[in-house]
Amino acid sequence: MDAFEYAAPQNLQDAVALLAEASGEARPLAGGTDLIAQMKENRRSPSLVVDVKKIPELNVLSYAAGLRIGAAVSCTQIAGFAPVRVHYPALAEACALIGSYQIQNRAALGGNFCNAAPSADAVPPAIAYGAMLVIAGPNGQREMPAEDFFVGPGQTVLEKGEVLVEIGLPPPPPHSGAAYLRFIPREEMDIAVAGVGAFVRLSPDAHTCEQARIVLAAVAPTPVRAKEAEAFLTGRALDETTLAQAGELASQAASPISDVRGSAAYRLELVKVLTRRTLGTALERARGEAA
Amino acid sequence: MAEYNVIGTSLAKVDAPERVTGKATYGADLDLPGMLWAKLVRSPHAHARIKQIDTSRAKALPGVKAVITAHDLPSLPKGATAPLVGEVSIDMSAIREIVMASDKARYHGQVVAAVAATDPFIAEEAAGLVDVDYEPLPVVEDVLQAMQPDAPLVHEDLHTLEEATQEKSDQPSNIATHMVYARGDVEAGFAAADAVVEKTYTTQMVHQGYLEPQACAARVEPNGRVTLWTSAQGHFTIRTQLVTLLGLPASQLKVVPMEIGGGFGGKALALFEPTAIVLAQKTSRPVKLVVSREEVLRATGPGAPAVITVKAGATQAGKITALTTTMRYDAGAFPGSPVARGLLVGLAPYKLDNMLAEGFDVLTNKPRVQAYRAPGGTPAAFAVEALMDALAAEIDVDPLAFRQKNAAEEGDTLPLGMPLNRIGLTQMLKQIETHPCWTSPLEGPQRGRGLALGYWIGGSFTSSAEVKINPDATASIFVGTVDLTGTRTTISQMVADELQLDPQDITITVGDTDSAPFADLSGGSRITYTMSAAAHQASQDVLTQLKERAAEKLKVSIAEVEYQAKRFWAKNDTRNEVSLAELARESVAWGSGPIIGKGSTTRMQPAHAYAAHVADVEVDPDTGKVTILRYTCFQDVGKAINPTQVEGQIQGGAVQGIGWALNEEYIFDNGELKNASLLDYRCPVALDLPMIETVLTEVPASEGPYGLRGVGEVPIVPPGAALANAIYRATGARLYELPMNPERIFWATRGNGANGSHETNGSGGA
Chain A
1 MDAFEYAAPQ
11 NLQDAVALLA
21 EASGEARPLA
31 GGTDLIAQMK
41 ENRRSPSLVV
51 DVKKIPELNV
61 LSYAAGLRIG
71 AAVSCTQIAG
81 FAPVRVHYPA
91 LAEACALIGS
101 YQIQNRAALG
111 GNFCNAAPSA
121 DAVPPAIAYG
131 AMLVIAGPNG
141 QREMPAEDFF
151 VGPGQTVLEK
161 GEVLVEIGLP
171 PPPPHSGAAY
181 LRFIPREEMD
191 IAVAGVGAFV
201 RLSPDAHTCE
211 QARIVLAAVA
221 PTPVRAKEAE
231 AFLTGRALDE
241 TTLAQAGELA
251 SQAASPISDV
261 RGSAAYRLEL
271 VKVLTRRTLG
281 TALERARGEA
291 A
Chain B
1001 MAEYNVIGTS
1011 LAKVDAPERV
1021 TGKATYGADL
1031 DLPGMLWAKL
1041 VRSPHAHARI
1051 KQIDTSRAKA
1061 LPGVKAVITA
1071 HDLPSLPKGA
1081 TAPLVGEVSI
1091 DMSAIREIVM
1101 ASDKARYHGQ
1111 VVAAVAATDP
1121 FIAEEAAGLV
1131 DVDYEPLPVV
1141 EDVLQAMQPD
1151 APLVHEDLHT
1161 LEEATQEKSD
1171 QPSNIATHMV
1181 YARGDVEAGF
1191 AAADAVVEKT
1201 YTTQMVHQGY
1211 LEPQACAARV
1221 EPNGRVTLWT
1231 SAQGHFTIRT
1241 QLVTLLGLPA
1251 SQLKVVPMEI
1261 GGGFGGKALA
1271 LFEPTAIVLA
1281 QKTSRPVKLV
1291 VSREEVLRAT
1301 GPGAPAVITV
1311 KAGATQAGKI
1321 TALTTTMRYD
1331 AGAFPGSPVA
1341 RGLLVGLAPY
1351 KLDNMLAEGF
1361 DVLTNKPRVQ
1371 AYRAPGGTPA
1381 AFAVEALMDA
1391 LAAEIDVDPL
1401 AFRQKNAAEE
1411 GDTLPLGMPL
1421 NRIGLTQMLK
1431 QIETHPCWTS
1441 PLEGPQRGRG
1451 LALGYWIGGS
1461 FTSSAEVKIN
1471 PDATASIFVG
1481 TVDLTGTRTT
1491 ISQMVADELQ
1501 LDPQDITITV
1511 GDTDSAPFAD
1521 LSGGSRITYT
1531 MSAAAHQASQ
1541 DVLTQLKERA
1551 AEKLKVSIAE
1561 VEYQAKRFWA
1571 KNDTRNEVSL
1581 AELARESVAW
1591 GSGPIIGKGS
1601 TTRMQPAHAY
1611 AAHVADVEVD
1621 PDTGKVTILR
1631 YTCFQDVGKA
1641 INPTQVEGQI
1651 QGGAVQGIGW
1661 ALNEEYIFDN
1671 GELKNASLLD
1681 YRCPVALDLP
1691 MIETVLTEVP
1701 ASEGPYGLRG
1711 VGEVPIVPPG
1721 AALANAIYRA
1731 TGARLYELPM
1741 NPERIFWATR
1751 GNGANGSHET
1761 NGSGGA
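Read top to bottom, the protein sequences are chains A and B. Sequential numbering of the first sequence, starting at 1, is according to my numbering. Sequential numbering of the second sequence, starting at 1001, is according to my numbering.
Bear in mind the hints are in silico, worked out from the structure with no lab data behind them. Where a beta carbon is used, it is the ideal one built from N, C-alpha and C, also for glycine. Some hints here could point you the wrong way.
[Stated by the list, open to error] Mimicking DMTMM-like on lysine to aspartate or glutamate, the simulated pairs with C-alpha atoms at most 20 angstroms apart in a straight line are: (1) K1351(B) to E1409(B); (2) K1059(B) to D2(A); (3) K40(A) to E1294(B); (4) K40(A) to E1410(B); (5) K1674(B) to E41(A); (6) K40(A) to D1514(B); (7) K1625(B) to E188(A); (8) K1468(B) to D1514(B); (9) K1625(B) to E187(A); (10) K40(A) to E1295(B); (11) K1674(B) to D259(A); (12) K40(A) to E1212(B); (13) K1625(B) to D259(A); (14) K1282(B) to D1054(B); (15) K40(A) to E1125(B); (16) K40(A) to D1119(B).
[Unchecked claim] Per the computed footprint, the stretches of chain B lying under chain A, defined by three or more beta-carbons under 8 angstroms from a beta-carbon of chain A, are: (17) 1616 to 1630; (18) 1667 to 1677; (19) 1680 to 1686; (20) 1737 to 1748.
Please take these sequences and the hints and turn them into a complete structure.
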């Protein structure tokens, strides 16, 4: 690990200024569960680390007209926040399966986004719920849909000096439900071989799918929407057959690689299974059959 | 049999308070005044000639105090050896190359240089400034490819040793040793069989998974002697190796054992200590060397992989008529795989009248393997026990009944020639017959039950103990054996019972090489077994000395002195007595002298350990993932000195075997390890495992005061086949390669096994 400067600004303006004016690479630090490991292994060598945990805007956690999550809020706080458990169970599930309890106590949702790992577990459910991101920078604030945030493995749209401030989720519409499942060979402490987040909104009679979002993890350079599968489901009655067909279509949106965690061919098979199972749980939730 | 008060009870570990409060001192905790930090420079090539090493840039970095290469180690004649344990010796010229490569790097991560600096960050930076000019060479990674005549040679001057004739091959080869054990007439045996099954099984390199990375520190004392602190699992063994490696007389070395965070066989060799000592000598300052987790996984020496072919025939009645096996074990870059142990472990559970067992010790451009809990046993038992399951299914005999019909007994001859003394295999198999883990129905789709056996010979070698009586009528035990498994506790229990003291009146210390009585390394399931004899002897020595003094006081002969509950009295007059307290007090007074008992043992018979595991699994048909529903371990332990610790050993071994069976493997790309982290080297975590049930059989071993058998190694042996056999019954697919991870099972159940070996025959279902 190389030597680096450390700053812990108390407000957003200072953080933006520090990041914008840094001469070398500057990285924000929230939980540090990715960044510190990368620095120790010399995979990243920032000359400046800006601790953002003391900035009020990044510590917001509230539910009124939708959910607001500051980028530095930990997974444990999110998974334990009652409105998240009630209204956004897929996000609670994802936050409760990253790493271990100890990791979840430190790891922040904003970090899960900014680290931009294709396998990030909390990202697919957030996108499935229709998350919007608030970004602050030298030229003020901007907002964007969460799914447009990612450029490639470890790469986001953030420009020099920009900080992810907040993740916002709209209030869940009636007759909707979502779920997230990932596949790992173990039961915890592992990285998704493949993951699928799904959201469905049903007609008032709970018979027809009016809207679907399916987001795939660890099977492409970024989290990706399976839009063909979503379109296929829209307007259809959901049953085992249509869910399985959606799984087949979803796998076509995946472009996985083979690595030590699994082959590309196996990952495509997993996408089919996980899409079917995730949609099944989302459907039960939309119908009020499951928590 | 004698009655015991402390032996057979689950006394809490005597070292538990300091362990759980973080007070135990491990090698990495050492902080010596003026200490420097060492960092190793490692080869980025799996096979490369070292043309030149330029240390000038590293030496110029402020804070760097020394940079060394292999030239700075004392030279060693090729083939120089040092004893390891018993008749087993180690090729120290190979160890020297592992410590620091001289001419070639033969595996990725092999050490080529080392630096010492004033802090660990400078040391790391300096390591990156050592310029090594490599000429990359072709890499041979696969054991079968390595055996081909045209394979790249790991050692250009290595010739195959034919074990039987002790002759060497004309041509150089990657096969270091070829061995054959035969008996009976296998051709006639196969001709007499009603069914013959032959299969080839493959396992991958795995890591021992000890929590504590290797750590050591060295200091040259003002009188020139060297003090070495080490995380090794045998400090006398380390001293012996250093004597040869560094040319230091044993008297010039004091080796201090630190509290150890797991070893499992992987901390037996002096791979880091020579570097720390040479750097300390060069700088005249203490030097500490602690390796990282990544280095541990890459290059400290994992457990050996193997490719094993087994062929066996049986009559319709279920009697094995013949067995042949070829076991090819991958030693990594230097000879010394546990192939002979593999042959022994795989075949030891069976009566085999007609047998041909062939072994190859093969070299590849991978890290040199080290011992790992029952070294060589797990791959062998995976192959043999899976094959036996297939053979039993072929003739439609229940897998347990098949084992019972062929089980080895006392008096049978082991495959490598030794006759079996008293064993409890038959009694143990009988216990399975009526146990609910075997008799309860296993309902539901995708579920199956598997059985497999295991064996471990049980180590002997030298152990010693001293027992002293303190002035307050308590006892102190002094040993030279590193405590890996709770042996301080079990030895204390034995001495407590022998001296009829409360366990809280006993203390036990593991001493350094200057102070403790000699002992071989801790390993091979040998410490509790051999220490039972040494501690018993030392205790008896103490009692004899005490009785001599009591006799003098009571004015009777020694034979007339009785002892019980801290009192000595004359047999014919119970009022004529003297307390232990009084004798203890007097032992430190003028004119009496201390009471010191000594015990030592060096050549006990093996206490053979047999185990059987029964696994129930459920396989997710969509993903191939295995869930273990129930797991039961049967084991003949001889006598459980501390049942909770025995259970813990069995559970720990089973868990390591389960990890090896289901997910753990080294994944290489052209000799480079691709998963050198505990994230991607997938040891099981607590949530992956059910409660591991244990059922103890107690058939006393032939030797030793309490009949105990070493228990630590055998439980890692059966899990591979127990799970493979269960997965077969759950899915109808036989797997021939470990680990049986979800992806392998996924493809195997779709008729798409890695080597096309999917079987559709569904006989023998549970």
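**Prompt:** What hints, given by number in increasing order, does this structure fail?
**Reply:** 4, 6
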